[in-house]
Every structure is written in C-alpha cells, then in structure tokens.
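Kindly produce the complete structure, drawing on both the sequences and the hints.
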Amino acid sequence: MPNTVPHAPRLIRRWLEPELFQPFIFGIFVCLSLSEFVRGALILSLLPTYGRSVLHFAVEWTALALSLQYLVDNLSRTPFGWLVDRVGERTVLLIGFCIATASVFWMMQAGTVVMLILSLCSYGVGANVVWPSAMAGISHSTPETKRAAFMSYLYIFWLLGAGLGPVVINFLTSGTYRPAFWFLLGVEAMGFLTAFVLVRERGLVRERGLVRERGMVHERRMVGEQGMVDRRISRPDAAGTAFGMEAALEPGLIRMDAAAHLYPRHRKAPNWSEMWQNIKQVAFLFPGMFAQTFAVASLIPILSVYANAVLHLSGAMYSMVLVSGGAITIIGLIPTGKLVDSIGPRTPLVIAFLVTGLGLAAFPFFRTLPYTFALVCLFGSAYSFILPAWNAVLDRSIDEDKKGSLWGVFMTVEGFGSAAGPYIGGLLWDRVGTFAPFWVSAGVIILMGLLYMVLPIERGYRTRAVQAS
85 MPNTVPHAPR LIRRWLEPEL FQPFIFGIFV CLSLSEFVRG ALILSLLPTY GRSVLHFAVE
145 WTALALSLQY LVDNLSRTPF GWLVDRVGER TVLLIGFCIA TASVFWMMQA GTVVMLILSL
205 CSYGVGANVV WPSAMAGISH STPETKRAAF MSYLYIFWLL GAGLGPVVIN FLTSGTYRPA
265 FWFLLGVEAM GFLTAFVLVR ERGLVRERGL VRERGMVHER RMVGEQGMVD RRISRPDAAG
325 TAFGMEAALE PGLIRMDAAA HLYPRHRKAP NWSEMWQNIK QVAFLFPGMF AQTFAVASLI
385 PILSVYANAV LHLSGAMYSM VLVSGGAITI IGLIPTGKLV DSIGPRTPLV IAFLVTGLGL
445 AAFPFFRTLP YTFALVCLFG SAYSFILPAW NAVLDRSIDE DKKGSLWGVF MTVEGFGSAA
505 GPYIGGLLWD RVGTFAPFWV SAGVIILMGL LYMVLPIERG YRTRAVQAS
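According to the numbering used here, the sequence shown holds residues 85 to 553 in order.
Keep in mind that the hints are not guaranteed to be accurate.
[Claimed, not checked] Computed spacing ranges between beta-carbons, pair by pair:
1) L387 / R136: 17 to 25 angstroms
2) Q361 / T431: 24 to 32 angstroms
3) D514 / G270: 39 to 47 angstroms
4) L442 / P107: 38 to 46 angstroms
5) N254 / T431: 36 to 44 angstroms
6) D514 / V143: 17 to 25 angstroms
7) W266 / V516: 43 to 51 angstroms
To be clear, the hints were calculated from the coordinates, so they are not data collected in a lab.
For every residue, glycine included, the Cβ atom is placed at its ideal position computed from N, Cα and C.
So this is what it looks like as structure tokens:
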C-alpha cells in the first residue's frame with residue numbers, strides 16, 4: 085500500500101496557509117478564541133441575569149458595569165499596544181490572562197454594586213490585551229502577501245469563541261451560578277497555559293524566509309539595520325520534517341519561518357515622534373474606522389425589537405437568522421482573504437460596502453421571512469469581504485516596528501464608534517421612526533464605499549511593493 089502521509093500537508097495547504105500551524109501564531113489565535121469565549125459568556129449571557137437574579141441589583145447597575153467595562157477596555161488598548169511593541173506578545177498575554185482570571189474570581193465574590201463594577205473594569209483591562217497582541221503577532225510572523233488571509237483566520241477564531249461562549253455557559257447557569265464561574269476560570273487558565281507554552285518570543289528576525297533551490301535551502305533574514313544575511317543550509321529530508329517547515333516549501337517560495345523565536349531580539353520601544361508621524365500619515369482612515377463600527381453598532385439595540393415587532397419572528401427563528409448570517413461569514417472568510425491578497429483590498433472593500441449599504445436601505449421594504457434570510461446571507465457574504473480587506477488596509481498602513489501601538493490606536497477609534505452607535509440607533513428608533521436606524525446606517529456605509537473608491541487606501545501596498553523590489 086503506498087504511503088499517503090506526505091500528501092496530507094499538500095491537501096491541507098490548498099485551503100490553509102502552512103504558517104497557520106506555527107506554534108507562535110496558532111497559539112495567539114487559540115488565546116484569542118478562549119478569551120472571547122469568556123467575554124461572550126460573561127457579557128451576553130451570564131452577567132445580565134446574574135446581576136438581577138442572584139445579586140438582586142437593578143438592571144441599570146449591571147448595565148452601567150458593562151458599559152464601564154467597555155470604556156476601560158477601549159481606553160487601555162493603546163497603552164497595551166505600546167507594551168506589545170516594548171516587551172512582546174507573550175509577556176502581555178500572560179499578564180492579561182492573569183488579570184482576567186483574578187477579575188472573574190472577583191466577580192464571583194462580588195456582593196455589592198461597587199465590587200461588580202470594579203471587577204468588570206479590571207476584567208476589561210485584562211481581556212483587551214488579546215487584540216493588540218493578535219494583530220501585532222500576525223504582522224510580525226506572517227508574510228505580507230498573505231496578510232488578509234491571516235486576518236480571515238483571526239476572525240474565524242474570534243467568531244467561534246464569541247459565538248460558543250454564550251451558548252455553552254447557558255448549560256451551567258443555575259442556582260448560585262458558581263459552576264459557570266468556575267468553568268470560565270478554567271477557560272482563562274487554559275488561555276494562560278496556551279500563551280505560556282505556544283506563544284514563544286519571536287527572534288531578532290524581522291523577516292525570515294527559506295527558499296528551496298537545487299537540493300539546498302537558502303535562509304534569508306533581516307537583522308536589525310545591518311542588512312540582509314543570506315546563508316546556505318542543507319535541505320533536510322522531507323519525510324523527517326514537521327509540517328510547515330523547510331521541506332514543506334514549494335520551489336522558489338519565500339515565507340516566514342516557524343523557528344524565528346530561536347533568535348533572541350532586544351525590543352526597542354517605538355519612538356513617539358515617529359509614531360505620531362505614522363499616525364498623521366494614516367489620519368485619513370480614522371473617520372472610516374469610527375463610521376464603520378458606528379454604523380454596525382447603531383443596529384445592535386434595535387435588531388431584536390425589529391424582528392419581534394415588525395417581522396414577527398419568534399426567538400428561535402430570530403436566532404436561526406443570525407446564525408445563518410454568521411455561518412455565511414465564517415465560510416466565506418478563507419476564500420475572500422485569499423482573494424484580497426491576490427487583487428488588493430480596494431475592489432472587494434468598495435463592492436462589499438456598496439452592497440451592504442444598498443441592502444440595508446432596502447431591508448425595511450422586505451418583511452417576509454425568505455427575503456429576510458436572503459438579505460442576512462447577503463450581509464454575511466459582504467462582511468466576509470470587509471473584515472480581511474479592511475484589516476489588511478490598516479496593517480499595511482503601519483510601520484513594522486509600531487504594529488502593537490498603532491493597532492491599539494486604531495482599535496480605540498473603532499471602539500468609540502461602537503460606543504456611540506447603540507445610543508444613536510436607539511434614539512433614532514424612538515424619535516424618528518422604526519426604519520430610521522437602517523437608513524442612517526445604510527447612508528454611512530454607502531458613503532464610506534464611495535470614499536474608498538478615491539481615498540489612497542492601497543498606498544501601503546504600493547509602498548511595500550517598492551521597498552520589496
């Protein structure tokens with residue numbers, strides 16, 4: 085019987101990038117998924133009922149605690165992003181999981197409103213570190229030519245964690261809710277262990293690749309400011325190497341190496357004047373960051389009400405509609421990420437924004453279940469283009485040594501949009517009318533789609549291409 089083991093990696097690599105299986109980047113993705121599992125379970129399911137049913141607090145106090153958690157989370161992303169550039173993803177993740185674990189334990193012991201608020205604010209500090217670490221980790225350990233694909237993987241891990249958390253925790257919420265809290269503490273501990281074991285420090289290698297040529301492997305890496313070092317090493321036997329290492333490379337393929345952490349690197353904090361210069365260069369993207377998250381968040385408080393009062397959907401049917409849209413997004417993320425890497429972000433981004441905006445504008449006119457399903461699936465498909473394309477634009481706009489810091493700034497700006505959106509959406513619903521939130525959101529998204537036709541959002545792509553040549 086022929087041995088088919090060597091063919092397995094080739095089959096897998098048709099769909100998944102081999103760099104995904106580097107311990108460093110895979111560990112970061114698992115940490116993100118576990119952290120978002122806990123966050124989703126706490127914010128969307130456990131705490132709203134725990135505060136009212138067990139602690140007997142008024143709903144407004146629990147809502148205030150959740151709002152302050154989001155505020156602290158948002159404000160602390162920029163300093164933690166700077167810390168990622170200073171000490172590395174691994175250290176920041178370990179600190180974050182320690183804080184988050186202690187905070188969840190504190191919530192379990194909370195007996196007053198003040199304790200609940202303080203524990204949630206503390207949790208916001210601990211949980212927020214995962215995103216700057218993940219974004220910087222992708223930028224530091226994956227090839228630029230595959231950056232959008234890895235943004236897609238990132239959001240798949242995020243959606244899986246955030247979606248499973250509220251569902252799984254509902255099976256453990258009974259009586260005092262202590263089993264649910266202990267379970268979440270266990271998940272946080274798993275995140276800490278994952279970061280400790282898998283997320284090893286990257287090396288002084290800024291960019292490192294291996295190229296197979298005539299039975300040999302060339303190793304190429306960028307060493308600080310000293311230029312490119314190129315040395316020839318023997319090619320190992322393919323049967324004896326791990327998937328994703330030298331023997332897994334196609335002829336002529338240059339990619340990042342999983343063993344980059346073997347070369348210790350001294351990290352230097354980003355220069356503040358240089359960082360400010362980089363911020364000014366990408367300032368034209370800030371309105372888009374705010375507007376996009378604002379447009380989506382403005383629909384959050386009214387979707388379930390609209391489904392019940394206007395579409396007359398049951399809770400189960402409403403959940404099915406949401407799940408169908410999320411499933412379409414997850415399924416589409418991998419191929420759309422590869423497409424964005426191939427053709428650039430502008431065309432997918434513009435088309436997806438215009439389709440989403442027009443669909444939202446038409447949504448109030450189609451009130452039957454089949455039309456609702458069709459439009460939600462359309463939104464899910466468009467969203468699967470927007471996520472990798474937009475994040476690839478942001479990533480290419482940041483200097484290599486400022487990834488964590490600038491991603492923290494970007495996420496803070498997006499967070500302000502997420503904070504303002506629900507209030508404005510609810511206000512439009514009450515003061516203007518049932519359809520107003522959809523039309524305002526549609527107008528904002530269509531405007532951004534039109535602006536992205538002319539804004540220099542691919543400038544980072546062209547700049548890096550010139551540098552590479």
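Notebook entry, point to check: Which of the numbered hints above does this structure break?
Noted result: Structure breaks no hint.
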